[in-house]
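K.L.:
These protein sequence lines map, in sequence, to chains H and A.
Per the working numbering, the very first residue in the first sequence carries number 1; after that it's consecutive.
Per the working numbering, the very first residue in the second sequence carries number 1; after that it's consecutive.
Hints were generated in silico from the structure; no laboratory data involved.
All of these numbers come straight from a predicted model, not from anything done at the bench.
There could be a bad hint or two in this list.
One side of the interface only, derived from the structure: several residues of chain H facing chain A at Cβ under 10 Å [said to hold, decoys possible]:
1. Ala-52
2. Gly-56
3. Leu-76
4. Ile-78
5. Asn-82
6. Gln-86
7. Ala-130
8. Met-150
9. Gly-153
Every residue, glycine too, gets a C-beta built ideally from N, C-alpha and C.
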Amino acid sequence: MGIVLDGVDYAVMGRPILQGISLALDEPRIGIVGRNGSGKTTLLRLIAGLVAPTTGRVAVDGIDPARDRKGVLRRLGILFQNPDHQILFPTVAEELAFGLRQMGQEARAAEAAVMRLLEAEGRAHWAGSATSTLSQGQKQYLCLQAVLMMEPGTILLDEPFAALDLPTRARMARRLSSLAQRLVTISHDPEAVVGCDRVIWIEAGRVFADGTANEVLPAFQDAMQRLGAGDADIDIAG
Amino acid sequence: MLTLTSPVETRLHRLPAGGKLAVLCLFSAGLFLLRSPVWLALCLAVVALLHLTGGRDLAWRGLGALRILWPFVVIVTLWHGWTGALVEGTAIILRMLAAVAAANLVTMTTRLSDMIDVLSRVMRPIAPVLPPRRLALAVALVIRFVPVLSARVGQIVDAHRARSPRRRPGWRVLAPAALAALDDADRVAEALRARGGAG
Numbered sequence: 001m002g003i004v005l006d007g008v009d010y011a012v013m014g015r016p017i018l019q020g021i022s023l024a025l026d027e028p029r030i031g032i033v034g035r036n037g038s039g040k041t042t043l044l045r046l047i048a049g050l051v052a053p054t055t056g057r058v059a060v061d062g063i064d065p066a067r068d069r070k071g072v073l074r075r076l077g078i079l080f081q082n083p084d085h086q087i088l089f090p091t092v093a094e095e096l097a098f099g100l101r102q103m104g105q106e107a108r109a110a111e112a113a114v115m116r117l118l119e120a121e122g123r124a125h126w127a128g129s130a131t132s133t134l135s136q137g138q139k140q141y142l143c144l145q146a147v148l149m150m151e152p153g154t155i156l157l158d159e160p161f162a163a164l165d166l167p168t169r170a171r172m173a174r175r176l177s178s179l180a181q182r183l184v185t186i187s188h189d190p191e192a193v194v195g196c197d198r199v200i201w202i203e204a205g206r207v208f209a210d211g212t213a214n215e216v217l218p219a220f221q222d223a224m225q226r227l228g229a230g231d232a233d234i235d236i237a238g
Numbered sequence: 001m002l003t004l005t006s007p008v009e010t011r012l013h014r015l016p017a018g019g020k021l022a023v024l025c026l027f028s029a030g031l032f033l034l035r036s037p038v039w040l041a042l043c044l045a046v047v048a049l050l051h052l053t054g055g056r057d058l059a060w061r062g063l064g065a066l067r068i069l070w071p072f073v074v075i076v077t078l079w080h081g082w083t084g085a086l087v088e089g090t091a092i093i094l095r096m097l098a099a100v101a102a103a104n105l106v107t108m109t110t111r112l113s114d115m116i117d118v119l120s121r122v123m124r125p126i127a128p129v130l131p132p133r134r135l136a137l138a139v140a141l142v143i144r145f146v147p148v149l150s151a152r153v154g155q156i157v158d159a160h161r162a163r164s165p166r167r168r169p170g171w172r173v174l175a176p177a178a179l180a181a182l183d184d185a186d187r188v189a190e191a192l193r194a195r196g197g198a199g
């Protein structure tokens with residue numbers, strides 16, 4: 001079980017983004033690192049079923065995430081990089097209830113579950129608040145709670161710390177590490193995946209390295225520093 | 001427009017949303033049947049009194065919300081002053097103030113989700129074409145993304161001003177703002193799909 005990618009290619013209008021990806025992911029904490037533009041976000045979108053592979057097969061606990069949307073909702077949640085692209089509702093309570101309603105719960109039951117959660121988190125006064133008035137860290141927290149409401153077995157995190165200041169980042173890291181769910185974290189920052197059981201390094205659309213954090217991260221860091229010492233921004237994609 | 005619902009709970013908040021909207025409809029229609037400024041002034045007084053039952057804060061906010069009407073008041077006054085039809089002019093201004101103030105009062109004292117419930121009930125006959133849940137989602141998305149888009153326009157205006165001697169870029173932000181809105185819409189569509197779609 002877990003997440004399986006089998007010979008996956010993904011191309012946009014003939015331009016390859018990912019090539020020959022075959023992975024079986026079932027560790028509790030998985031990190032995916034790579035430079036901007038390496039294809040790591042596309043990999044996340046493939047796993048989440050937001051796009052379908054051009055060739056090859058993706059399976060989450062045996063189901064196709066792009067086809068069986070209902071089935072994948074219970075298995076997999078995704079936290080996007082920018083909370084403003086994720087929050088769909090004007091108030092906190094509506095945002096949290098949406099996922100439950102999507103999974104077929106009645107409005108009343110969903111509302112009650114939301115209130116229980118907010119009370120347990122000591123944030124009952126948030127219920128009627130406008131989501132647009134929350135701080136960046138609070139928005140990120142809300143997005144995480146909205147994902148957790150749906151009780152998925154796996155959560156995909158896209159640069160979860162990118163927009164957070166240091167205290168918020170520490171709180172978020174603590175919160176994430178306490179979760180029972182399998183976490184797949186993608187980041188350009190090795191710091192964000194340092195405690196992972198397995199780290200995969202994506203470079204130019206392919207798996208470049210795959211192993212424990214101790215095996216992969218020092219080499220990744222070295223390579224990034226070498227690139228940084230040179231003139232890294234000359235090439236234009238396409 | 002986002003904080004239209006007053007956070008201070010008043011007696012008016014507890015009345016059913018459907019009832020309030022029905023009364024509002026009848027009241028507004030009635031305003032158009034009345035011609036005499038005296039009767040219209042009385043209507044406005046009733047609306048003002050209803051505001052006051054919700055406390056001084058609510059009444060102040062209601063008054064503040066009427067400020068956007070001043071250009072219309074000026075134009076109507078000038079026009080009717082010029083044509084010498086001051087009685088008709090007064091009637092028009094009173095009618096406008098009473099109608100907008102009454103609508104504001106209902107908005108301020110009704111939760112958005114209750115408003116959407118009423119809307120879904122009223123729209124039920126066309127449910128096969130437009131499912132009520134989808135309608136409700138559309139209303140919520142509009143309200144959610146007004147501040148997001150206006151912040152986005154603000155960023156574009158700032159980016160323009162940072163590299164231009166013009167103080168206000170004016171129409172020049174239209175194209176980048178429209179493209180940014182489309183880009184945001186794509187991402188939001190994806191987030192919606194990640195949580196089960198518009199279904």
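K.L.:
Hint by hint, say whether it matches the structure.
P.N.:
Hint check:
1. Hint on H:Ala-52 is violated. Least Cβ distance to chain A is approximately 12 Å, over the 10 Å limit.
2. A least Cβ separation of about 21 Å between H:Gly-56 and chain A goes past the 10 Å threshold, and the interface hint is therefore violated.
3. At a threshold of 10 Å, the smallest CB-CB gap from H:Leu-76 to chain A is about 9 Å, leaving the interface hint in force.
4. The beta carbon of H:Ile-78 comes within 5 Å of a beta carbon in chain A, closer than 10 Å, and the hint placing it at the interface holds.
5. Annotation: interface hint on H:Asn-82 holds; nearest CB of chain A at approximately 7 Å, less than 10 Å.
6. At its closest, the beta carbon of H:Gln-86 sits 5 Å from a beta carbon of chain A; the interface hint therefore holds under the 10 Å criterion.
7. Hint on H:Ala-130 holds. Least Cβ distance to chain A is approximately 6 Å, under the 10 Å limit.
8. Given the 10 Å rule on beta carbons, the hint for H:Met-150 holds: about 7 Å separates it from the nearest Cβ of chain A.
9. Proximity of H:Gly-153 to chain A is violated relative to the hint, the smallest CB-CB distance being about 15 Å (cut-off 10 Å).
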